[in-house]
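Could you build the full structure based on these sequences and the hints that come with them?
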Amino acid sequence: MVELLAPGGSLEMVKAVFDAGADSVYVGVKGWSRRASRYELDDEQIIKAVKIAENDGKSVRAAINAMPKTHEIKMFKEKLDFLYSAGVDAVILNDVGLMKIVKDSYPDLKIVASIGCNILNYEEAKFYRDAGARMIVADCKLSMDELREIKEKARVGIEVLIHANTDFTYLGKCWMSSYKALRVESINGKSYYVGSPNRGGVCFRPCLMKWSLIGNKTYAEGFNLPNTMFLLLDEIPELVNFVDCLKIQGREYSTGLIKKIVEFYRNFMDACIANEVNLDDWRAKLHELAKQRDAERIRKTIELMKVADNEIRI
Amino acid sequence: MVELVTNVPTLEVLSKCSVEPYDAIYLGNPYCWDYDGNLISNFNDLEVAIEMLKEMGKKVYITTFAAPRNADLPKIFKLIDKALELNVDAIESTNYGVINYIKKEYDFRVHAGGFTNIYTSATVELLENLGVERIMPAYELPIEDIEKFKEYDVEIEVVVHGKIPLGISHNCFLLEFKDDVGMDCPHICKQEIWYKSDDLVLKPFGNATLSGKDLCMYEHIEKLNELNLDAYRIESISERISYREMVGKIYRKRLEGGFIKEDFEKLKSLAKYGICNGFYFNKAGQIYVGGLDG
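Chains A and B, in that order, give the protein sequences.
Letter 233 of the first sequence, counting from 1, is numbered 233 in the numbering used here, and no numbers are missing.
Letter 18 of the second sequence, counting from 1, is numbered 18 in the numbering used here, and no numbers are missing.
None of these hints come from the bench; they were simulated from the model.
For every residue, glycine included, the Cβ atom is placed at its ideal position computed from N, Cα and C.
Just so you know, not all the hints are guaranteed correct.
Anything over 12 Å on all C-beta distances counts as not near chain A; from chain B, calculated [to be verified]:
1) S41
2) P186
3) R252
Under the rule of at most 20 Å between Cα atoms (straight-line distance), these lysine to aspartate or glutamate pairs were calculated in the DMTMM-like manner [to be verified]:
4) A:K217 - B:D179
5) B:K283 - A:E3
6) A:K217 - B:D199
7) B:K16 - B:E55
8) A:K74 - A:E185
9) A:K77 - B:E125
10) A:K74 - B:E151
11) B:K104 - B:D89
12) B:K148 - A:E72
13) A:K69 - B:E125
14) A:K190 - B:E55
Written out as structure tokens, the structure is:
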């Protein structure tokens with residue numbers, strides 16, 4: 001049975017997504033995931049999240065996928081010890097070297113290779129599998145045929161994003177944001193790079209600025225570099241037959257909106273399994289959700305761009 | 001002595017410029033299979049290019065496509081076979097799947113390039129155990145982090161000059177503007193074309209996006225020398241032909257002699273949108289930190 005994984009940007013969101021029908025939730029470890037710290041959970045909150053999940057017979061994944069500095073690997077191991085003892089079901093990692101550490105320390109702890117690993121082919125999937133990953137998150141740009149081939153040749157669990165954003169670049173292989181602006185801070189002694197998602201901070205979303213194409217003259221102006229909403233629907237009836245997990249991204253959105261999105265996909269997946277799907281009806285419902293979601297994203301993007309502009313002035 | 005390396009995308013470029021200042025050359029453009037004359041797609045040209053470089057006494061490295069999907073793998077495997085047949089000195093890849101394949105199938109010398117995302121000493125140790133001979137640390141790393149990688153038995157190569165890659169995509173977004181520019185693939189990316197927004201300038205090049213500014217460590221080369229690294233790269237893949245030769249000569253002099261103000265001024269004049277230090281000093285990549293020249 002394919003798993004529905006939902007975001008837990010707060011304890012309130014953790015409870016809400018389980019109520020809405022998620023099978024599991026992923027939470028960011030404070031200072032250690034690819035999102036702003038206000039959408040991450042501290043140790044006490046992670047313990048509470050695990051208890052909430054256990055009460056519902058569900059599970060928690062911990063995203064610890066920011067790249068640490070070498071002297072922080074000891075802190076990573078301490079955090080790993082905590083997560084294991086807290087009872088998380090899996091850790092989401094970006095760095096293949098850290099996967100080896102987890103595999104050696106806690107062989108029974110499930111490792112998920114993060115979207116930031118940007119795994120694009122079956123040879124790479126095999127490499128991550130051998131490094132310890134039991135599941136890989138597929139890039140949104142991979143086709144159904146590519147996913148099938150990876151599954152067949154690498155024999156590793158596949159997680160597919162059904163609500164996310166597709167970026168101008170491959171996710172995890174982009175440092176346009178930190179090229180534009182960067183500030184180095186610290187959270188509990190762990191470095192925190194505001195402007196670098198790979199290193200645990202926010203992305204300033206430079207894609208969404210107004211760009212011009214210039215050379216001998218201005219060829220075009222006022223365009224964005226592609227960064228668009230990614231919502232799957234029509235593909236899900238086929239995906240549920242061979243992938244292992246469908247993931248809804250969105251720790252940074254409001255709990256109310258995320259709850260609605262999780263309910264929508266839970267009901268749709270159940271309808272698919274029961275073979276009771278009229279896609280036109282579901283498309284119309286998703287269209288309404290997408291409008292609400294876009295409105296929230298635009299507000300967030302404007303906030304982030306202001307932060308980036310302030311960084312440059314500093 | 002540290003190895004000075006650069007990249008050459010085509011036989012035409014190799015034929016028209018001097019690579020004399022360099023010890024080794026990466027052949028091929030890793031960002032687009034369809035780039036006109038790309039040596040990773042044209043084996044006849046590749047054979048001639050390798051012969052030319054060997055006659056000059058240069059080491060020859062072959063690069064591979066930087067973001068391979070399933071359908072790209074057979075083409076890369078053929079390129080690897082050809083590279084081995086032509087007796088090159090190393091193959092560069094930025095894909096863990098391809099790196100692993102080369103080591104497991106051929107145990108041949110591999111350089112893990114900048115898009116491999118090598119951020120931690122844990123990953124350097126893993127690659128050392130895999131037998132990878134050389135790595136480029138992630139472009140985002142500051143000097144203090146790169147220094148820690150010296151503890152492992154792996155050569156380290158860093159960029160000292162040129163436009164650094166900032167991202168790679170599944171397609172060439174520049175082609176969206178072929179009607180505006182009046183030019184199509186494979187000619188459009190050979191033009192002087194830039195994305196610009198306020199203070200930020202980027203250079204589109206195939207599936208990659210490069211920094212608009214030239215990373216320049218000319219003033220700060222001693223800071224890198226203290227790390228005792230193995231190779232310095234001049235990124236010239238997207239540049240006009242003369243750039244490679246001019247910048248190479250300047251850095252060769254810098255390595256063998258000292259700081260020459262006129263050379264530094266020349267480097268600045270070659271950088272249309274200015275110079276920067278990338279991420280070496282824990283600052284935003286487009287910032288330049290003054291050094292010897294104040």
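How the hints compare with the structure:
no. : hint            : in the structure
1   : S41             : 18 Å, holds
2   : P186            : 17 Å, holds
3   : R252            : 28 Å, holds
4   : A:K217 - B:D179 : 14 Å, holds
5   : B:K283 - A:E3   : 41 Å, violated
6   : A:K217 - B:D199 : 18 Å, holds
7   : B:K16 - B:E55   : 16 Å, holds
8   : A:K74 - A:E185  : 19 Å, holds
9   : A:K77 - B:E125  : 16 Å, holds
10  : A:K74 - B:E151  : 17 Å, holds
11  : B:K104 - B:D89  : 17 Å, holds
12  : B:K148 - A:E72  : 12 Å, holds
13  : A:K69 - B:E125  : 14 Å, holds
14  : A:K190 - B:E55  : 51 Å, violated
Hint compliance for this structure: hints 5 and 14 are not met, and every other hint is.
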